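Please dock the two separately framed chains into a single complex, following the hints provided.
Protein chains in written order, with numbering that gives the first Met the number 0: chain A, 0 to 209; chain B, 0 to 333.
The hints are simulated quantities; they were obtained by calculation from the structure and are not laboratory data.
What you were told as hints is all true, and nothing was included just to trick you.
Beyond 12 Å from chain B on every Cβ pair, some chain A residues (computed): (1) V145; (2) H147; (3) F150; (4) N172; (5) T174.
Listed below are the simulated EDC-like cross-link pairs for lysine to aspartate or glutamate, each with C-alpha atoms no more than 20 Å apart in a straight line: (6) B:K308 with B:D160; (7) A:K71 with B:E53; (8) A:K71 with B:E11; (9) B:K30 with B:D124; (10) B:K325 with B:E283; (11) B:K62 with A:D121; (12) A:K82 with A:E128; (13) B:K261 with B:E293; (14) B:K50 with B:D40; (15) B:K325 with B:E236; (16) A:K71 with B:D47; (17) A:K136 with A:D146; (18) B:K198 with B:D160; (19) B:K62 with A:D105; (20) A:K71 with B:D43; (21) A:K71 with B:D40; (22) B:K27 with B:E11; (23) A:K168 with B:E85; (24) B:K198 with B:D180; (25) B:K29 with B:E53; (26) B:K27 with B:E189; (27) A:K82 with A:D121.
What follows is a set of in silico ranges between Cβ atoms, one per label pair, in the way DEER data are often shown: (28) B:D72 with A:G84: 50 to 56 Å; (29) A:N170 with B:I152: 36 to 42 Å; (30) A:V145 with B:I152: 42 to 48 Å; (31) A:K168 with B:R239: 27 to 33 Å.
Remember, it's a predicted structure, so these values are computed and weren't measured experimentally.
Beta carbons: idealized from backbone N, C-alpha and C, even for Gly.
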Amino acid sequence: MENAPETPTTPRSVSRRQFIQGVIAAGVTASTATYLYRGSGSVLSKSSLAGSTERLITINVNGQARHVDVMKQETLATTLRYKLGLAGTKLGCDRSECGACTVLIDDVPRYSCSVLTHTVRDGKVITIEGLAAPDGKLHPVQQAVVDHQAFQCAFCMSGFIMATAGYLKTNPNPTRAQLAHGISGNLCRCADYNKILNAMMHAGELMRRT
Amino acid sequence: MALIHDVMPAFELFQPVTVADTLALLDKYKKSAWVLAGGMDTFDWLKDRNKRPEIVVDISGVKEIRGVQATSDGGIEIGAGTILSEVVQHPLVKDKYPILTQAAEVVASPQIRAQGTLGGNVSQDTRCWYYRGGWACYRAGGNICYADTPSAINREHAIFDADRCVAVNPSDTAPALIALDAKMVIRSVEGERMVDAEKFFIGPALDITRMTVLQPGELLTAIRIPATWAGASFYFEKVRERQVWDFPIVNVAAVFVVSDGKIERSRIAVNAVAAHPMRLTSVEAAIAGKPRNEETAKLGGERAIQGAKPLAHNEYKIPLMRNLVKRAIRGQTA
Ligand SMILES: Cc1cc2nc3c(=O)[nH]c(=O)nc-3n(C[C@H](O)[C@H](O)[C@H](O)COP(=O)(O)OP(=O)(O)OC[C@H]3O[C@@H](n4cnc5c(N)ncnc54)[C@H](O)[C@@H]3O)c2cc1C
Ligand code: SF4
Ligand code: FES
Ligand code: FES
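This is chain B alone, in the form it adopts within the complex (with noise of 0.2 Å):
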């Protein structure tokens, strides 16, 4: 719990300045290891002492992996290390995927903004407080979930995808990566993979004690965004309960191309109603073809809404997921 120690305990720091050296590392300590971007969901564990990593990697200080490119296809490339302040004023994604900035900008506060990274905040941790807390629970290799008692406060938790653990997926840029359709780049020794946005969030169900697909020894280099997408139609909106550093209790991003006055093709993705963020493929399907008005936004809503098991205390965020997902479709704010 947020005690205050004196420090954190004791580990090793390397500072590598290129990604060969970094990947070298993390191959040679492997588990042991831990990457360490602009830390701001790293240190609360390290200080709680609930994670205790014998070797801290400290990648701010490799260029390669920071700043923000046009690529030849038309769309940008966004490295990894790149801090969240700097996603938000660059020109190139406010020019060509506004929802991202919007998306970046409504993270936490000003200074976590100017030191947290989009790879830290694609990569971060559940914001379980049971977990976080440090109790066993099954995501810590435990064999409960604490949050999904009777007595559980479970406000904040899933109402979907639940397997044994209930924890949401807190990231605010994710949604609006999912909906632009961009690949993550992934490197080790090994080489280089390039995962859809879409699947490189993880459930419990494929591994209850990860959130991403990252493996010990890799390291995600880049984010790639194609033009595809590129002056579409966008929406984003974050719903929190403090407007300054409070996690989404919902969020949505979409994005629309709208010929002759009907919705041609669509994605949406909500965030923060599971342990990953969920792209609305059904809803998508569902509102192809059909104008952006009222009537195709009420669809949507109540199909997004499908499926939804609430728990004990957040039965609220289906109706406000579902409003979410409508004004997306309606395509204004009021």
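Okay, chain A solo, but in the shape it has when bound (with noise of 0.2 Å):
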């Protein structure tokens, strides 16, 4: 592995490089610093490769940086349920065929049982829990869920929130069936699409007011 090639500088290296601060600043003394910082291939274990990744990561979710240690196999949507205790993002089928887990990822709605939490470490992600304005003042679409009363057992209700708040910032004044396409990859198995609808088009209401 001498010659194995350096990690160019990319944010995903950044974080590699962030994540060896840490070690230093953990009591790794000072003097072995150069060597750390030769290169990516040889630094931590002799087996290493360009590309290979650490378990310790920053992510950003909710706009908080939070440090987690996160399995090479483990999705976002476990990462956040089970270790980070953001469980209002619910898992339904765990096979991208419901939306119940969607989330938003760089303002762009995701199924997160679908996706790898290491794969989002330069993203910035938005859960149900981090929609409301930090004064506790309601997302536009969570008011309108409210004031709809929309949903019957509401365990799809995080997912469509997320969908709906992530569409209408591509389309802010869609047509109602240009809302059902937006936010079609989402199932409620109470099945109450209208009032659904319903809800979500007054939430694109409520965000052109604001």
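And the structure:
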């Protein structure tokens, strides 16, 4: 591995450096720092190759940097729910087929059950817990849901809210058909689609007003 | 089957950021390495524990293979790692090859299109539920096809080119790329090779365990679409049972150049009827020089289904395919 190519400086390799800095801060003597900075290929273990991944990472969730130990195979839904305690994100199918786990990654609705946490180190994750303003004022989509009492059991609700919040950013004034298509990656087991759409159309109105 | 387990079984994860590093990893680990792009095909396999790669190489951070560019010959090049929603929104694609915009737009659901890549869409495995359910069939290295027994459920399986395996290729973008005569750019540490889209996909007669010519150690880096068919007349249609998530039952993609009211040349491809998307060269030949009307459409539709062999539950696919080809030739969706 002596000749392993160096990883170019990218956000991903930066977070690796930050990790190493963390290790230094945690007690590795300063004299080893020059050695540690030589490159990623030979730093931590003899067997690491360009592109190898550390478990201890920092991810940005709801505006906060969260340090967390993430398994290589761990999905974002697992990290959010079981490591960070953000259980507002629901797991329905765990197979990209229902939308209950929808969160925003860089403002785009994605199925967190089907995203490796290690792939969002450079992204900004927003979950249902992070949607309201810091002063507690509900996000317009949340307010519209309350106004319309749109859901029944509401298991699908946080997914629908996140999908709608993401979609309305790309199309703030959709027709009902456009909105239905835009949030068609979410299922409701209680099949309350009409009421959900009423609320989400109202959400668009509230957003345009603010 | 779709049991929910706690997490996927462990694997070693690599996240290279350059093609060179990716190829080095794929070369080092060859068969034990699994390329991960958007993961929308991959995660089911891993979660269900029906494929157990030791090494996963995540290429989502490789920027070199992402994006759409104009090429000097007037065509475009799309990086294999380009996300489907980027393909859908890209003005160059929409302007020159709206048939690909349409095909990418009907894939799965918005969230899947926001993560799945074009390279992953064409490289995806079949959806035969016996195989995906972990049954040790031919494709999985066994010696029986569970989809072709007297009690098998095979509504969505093949009507053409079966060879032990009767599974179909489920990609929506594949027939559009074949119709546009796209070239697949494949790289390994050995170098680069370019394969016609039409030859990129393979059936069970050639290799029953793979859907494409991609070998271990190889990476699809780009898809080049030549200028040949830019501005032609296009047709795409997908039939599926529900309008979100569902794979095609049959889809059709076609390009026509019409002059003086006659079809000068055309390329027509269908998918989900065989283990590989099928280009219908005999139809193309039959309709050449003819006007784009009902009579020609009928002729083409009938020609398209010659040689089709239904299984117990999928005979309906034959008239469905015939009618889709007819509609493509006729050129309207009524
Ligand atoms: C619920 C659901 C519904 C779906 N519906 C549809 C549909 O209607 N139509 C449709 O066409 N598809 C559908 N898909 C299938 C498919 O997952 C997506 O279309 C997506 O495009 C796959 O891309 P990906 O990048 O996520 O693939 P990945 O899972 O990352 O990759 C798929 C395969 O290709 C290989 N691969 C990926 N990129 C490369 C590369 N650059 N070089 C070499 N090998 C590579 C991987 O190793 C893997 O074997 C659906 C999937 C799901 C889960
Ligand atoms: S159709 Fe192919 S993949 Fe499905 S059970 Fe038969 S051999 Fe296996
Ligand atoms: S739990 Fe993620 S889509 Fe169903
Ligand atoms: S309200 Fe019950 S699943 Fe949607």
